[in-house]
Amino acid sequence: MKTITLECLRGLEAPARVAIRRQNGRCQAYLQTTSPRPLAQLCRRRPVEELPRLVTLLSPAHHLAAALALDRLGEVTPPEMAQNMREGLRLALTYRRHLRKLYFLLLAWENPWANGDSLGSRRRSHTFPPRLMDDAWRHLSLAQEAVAILGGRFDHPVTAVAGGVSRFLKEEHYARLAVIAGACRDFALSFSDFLASQVFLWGREEGWLAAELPPLPSLTLSTPEEQFVRRDGRGQEQERFTAPALWEKVGRHQEPWTYEDFAYFREQGWQHLEPTSVDHLFAVGRCPGSTAAPRPAPPPRLARWNASAASWGRCPAGSWRRRIGPSWWTSCRPLNRWSSSIHRRSSPARPSATYRRVGAGRPRRSWSRRPAGSLSRFGSTSGA
Amino acid sequence: MKQGANKKKVAVYTATGCRTCEHAMVDLHYEVNPLTHWAEVVFWPYLLGSAWEDLNGEGRVDVCFFAGAVQTADDQAAAVRLRDKSQILVAVGACAAFGGLPGLANLSPAGPEPEAAPEPSPEMPPLPPLLPKVLALGSVVPVDYVVPGCPPTPPLLWAAFQAVAGLGTAPARLGYAASRLPGPVAEALAAGLLPPRGSVFAGDKAVCASCSRVKEEKLFRRVLRPYQAYEESGRCLLEQGLICQGVATREGCGGLCTAVGVPCRGCFGKPPAIVDPGAKMVAAISSTIDSSDAEEIACLAEDFVDLAGTFYRYLLPSQCLLMATPMTVGKHEDHNP
Chain A
1 MKTITLECLR GLEAPARVAI RRQNGRCQAY LQTTSPRPLA QLCRRRPVEE
51 LPRLVTLLSP AHHLAAALAL DRLGEVTPPE MAQNMREGLR LALTYRRHLR
101 KLYFLLLAWE NPWANGDSLG SRRRSHTFPP RLMDDAWRHL SLAQEAVAIL
151 GGRFDHPVTA VAGGVSRFLK EEHYARLAVI AGACRDFALS FSDFLASQVF
201 LWGREEGWLA AELPPLPSLT LSTPEEQFVR RDGRGQEQER FTAPALWEKV
251 GRHQEPWTYE DFAYFREQGW QHLEPTSVDH LFAVGRCPGS TAAPRPAPPP
301 RLARWNASAA SWGRCPAGSW RRRIGPSWWT SCRPLNRWSS SIHRRSSPAR
351 PSATYRRVGA GRPRRSWSRR PAGSLSRFGS TSGA
Chain E
1001 MKQGANKKKV AVYTATGCRT CEHAMVDLHY EVNPLTHWAE VVFWPYLLGS
1051 AWEDLNGEGR VDVCFFAGAV QTADDQAAAV RLRDKSQILV AVGACAAFGG
1101 LPGLANLSPA GPEPEAAPEP SPEMPPLPPL LPKVLALGSV VPVDYVVPGC
1151 PPTPPLLWAA FQAVAGLGTA PARLGYAASR LPGPVAEALA AGLLPPRGSV
1201 FAGDKAVCAS CSRVKEEKLF RRVLRPYQAY EESGRCLLEQ GLICQGVATR
1251 EGCGGLCTAV GVPCRGCFGK PPAIVDPGAK MVAAISSTID SSDAEEIACL
1301 AEDFVDLAGT FYRYLLPSQC LLMATPMTVG KHEDHNP
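Chains A and E, in that order, are what the protein sequence lines are.
Sequential numbering from 1 applies to the first sequence in our numbering.
Sequential numbering from 1001 applies to the second sequence in our numbering.
Please note: incorrect hints may appear among the correct ones.
[As the list claims (entries may be wrong)] Some chain E residues flagged as far from chain A (calculated, every beta-carbon gap over 10 Å): (1) 1026; (2) 1085; (3) 1142; (4) 1214; (5) 1218; (6) 1220; (7) 1259; (8) 1279; (9) 1280; (10) 1289; (11) 1291; (12) 1306.
[Said to hold, decoys possible] Reference excerpt, derived from the structure (chain E facing chain A, CB under 8 Å, subset only): (13) 1027; (14) 1028; (15) 1073; (16) 1076; (17) 1105; (18) 1125; (19) 1236.
Hints were generated in silico from the structure; no laboratory data involved.
As the structure is a computational prediction, the values presented were derived from the model and not from experiment.
We put the CB at the ideal spot given by N, CA and C, even for glycine.
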């Protein structure tokens, strides 16, 4: 019998751990948590409609999952507006959670609570541009506002009930959500550009980032036409097919060490796992048999700037960072702007997001006193 | 108080809970940038990865924000240790304040361990044993202040931070919270003084006082469950037949849930004028049943489901007269700052 034990787990008290055991060809994974347990004891003898709130003891996603389970239990299909609201809530929660983790991941070199203000450590030299950290918090708050609109509260959303949602959206909500979604999308793209051009670049230089991810293809569901859309790593549409044809196109591969299936396109077959240069890290061969495009070459001027930035290297570490960090970033800023402008000009225009409107019920008084164009408590960002 | 000088040492800990109260604090940090000007977080396992050993070298902690219910022996030990270490202990969230959702476990006996649970071994040490019943923090150690809610709303949480750790250094942003706090707490907050010990950072009235729904005529004709269709007219949910606990719940949230069509769930606990929130709900509903026919009333009563779990959803370990464990909130003298 082989056992793999993962401990200690961040955010869970010891002796919380994950144990994966293989015996007689059968794998069994066991997550041991100290609390809250036993959850089944809380749910026993409670009305079923209580589940979406009771199980949020685990995470907000369980609120939506429990509502989905109740839909199936009652054999009801929520109206389209309710499905859209639930999906929007899930996306907003995911965005907020990821952005919060990225923020603390980037600031983990120092205790973000230790000294000065936390918003980008304005008064201290820091590895990353202060403005970026400010923007991260600002868009975190925007995502949080979207969660409050769609879920009713900042935390522990309450609106998903069996068969639908407990509220409808007004015109002001749609307008506000559109503004928030557009701003968050733009920030996510610029943030990913920053990670790719700055953080990963340094990581590869210093050796802690050994793996390079190829551009990821995607398979998304286009709800109005009820069709799956397959895109390559550059976002180019490859093909469309209907839901009944999904499993004719897509196969699932099961590995013995995980209960999660790996999806792959049948026409290209399962590509197997490939070892990477990092021990114990494997990549699924060439992006699950999809039409993974090679990484697009950067525009020539951007490539020249990347080479220039690489020759500059990163801001020196240690005590030197405190001394020359601000001036370093001041020097780099024009270069960054130049690089961004090149990138914007050379990149194809991104399609703007479209939002479906569903009947908003009878008009009611305004939910928000802020005009639809204003974005945050920090002031208007009308450019977004 | 001069910013940056003589910072208060703050500890944050969650026992049995979902850690959303800690998330609320993180979001509060975004909201109020100057927090770190007058507070230094010295112990926060969830966010900073602090270990218990980190507390040994810190001397005395000024303020400890304790979230989560006390369900295991480890929770109990943590509560005692943080009480000894802290000058001010604040119960944050419904779980620490009243027992919260984990307290519902007191209604049914514990079941068997899951089948996949391996036998205890040196590689797989056993989990900390469960206490006979889930307790609120105040039932284990004396508590100085309470911030209720699941999770507490940002304005009230910020008001608590200001009151016990900041001593009124930035009262400009307290407009919303001050209007919902009891008079003595709001005045102490504005004056930069510690509020009276035992204060609850929430209102004195019931949620109905701040709920935006229209109250017309309290006549209870039918029992509706949240998934059943009901009139979306902005009318009081209890009048429509939904079991809304706003009448027996302390205000402070501003009626967040009722504003989006979800009945109040009672996460702020009972107002001071009410002895037992469940009894209050029974009285409020039974006195407004729109019938004088005994059989009709009996049929109506049969439609209620899980009354104990509904009326004491967050409060069973501390505010149910029949099942509560005595609590100490703001009455001890050993740990005065």
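A quick look at each hint next to the structure:
1. 1026: Its Cβ does come within 10 Å of chain A, the nearest being 7 Å, so this is violated.
2. 1085: Residue 1085 of chain E clear of chain A: closest Cβ-Cβ about 17 Å, beyond 10 Å.
3. 1142: holds, 23 Å
4. 1214: holds, 12 Å
5. 1218: Check passes; 22 Å lies beyond 10 Å.
6. 1220: With a cut-off of 10 Å, residue 1220 of chain E remains clear of chain A, as the shortest Cβ separation is near 18 Å.
7. 1259: Non-interface label fails for residue 1259 of chain E: nearest chain A Cβ at 7 Å, not farther than 10 Å.
8. 1279: holds, 21 Å
9. 1280: holds, 21 Å
10. 1289: holds, 21 Å
11. 1291: holds, 24 Å
12. 1306: Residue 1306 of chain E not clear of chain A: closest Cβ-Cβ about 5 Å, inside 10 Å.
13. 1027: OK, holds: residue 1027 of chain E within 8 Å of chain A, min 6 Å.
14. 1028: violated, 10 Å
15. 1073: Where the cut-off is 8 Å and the nearest Cβ of chain A is about 10 Å from residue 1073 of chain E, the hint is violated.
16. 1076: violated, 12 Å
17. 1105: holds, 5 Å
18. 1125: Holds: closest Cβ of chain A sits about 5 Å from residue 1125 of chain E, inside 8 Å.
19. 1236: Constraint on residue 1236 of chain E not satisfied, violated at 15 Å.
Checked against the numbered hints listed earlier, the structure breaks hints 1, 7, 12, 14, 15, 16, 19; every other hint is satisfied.
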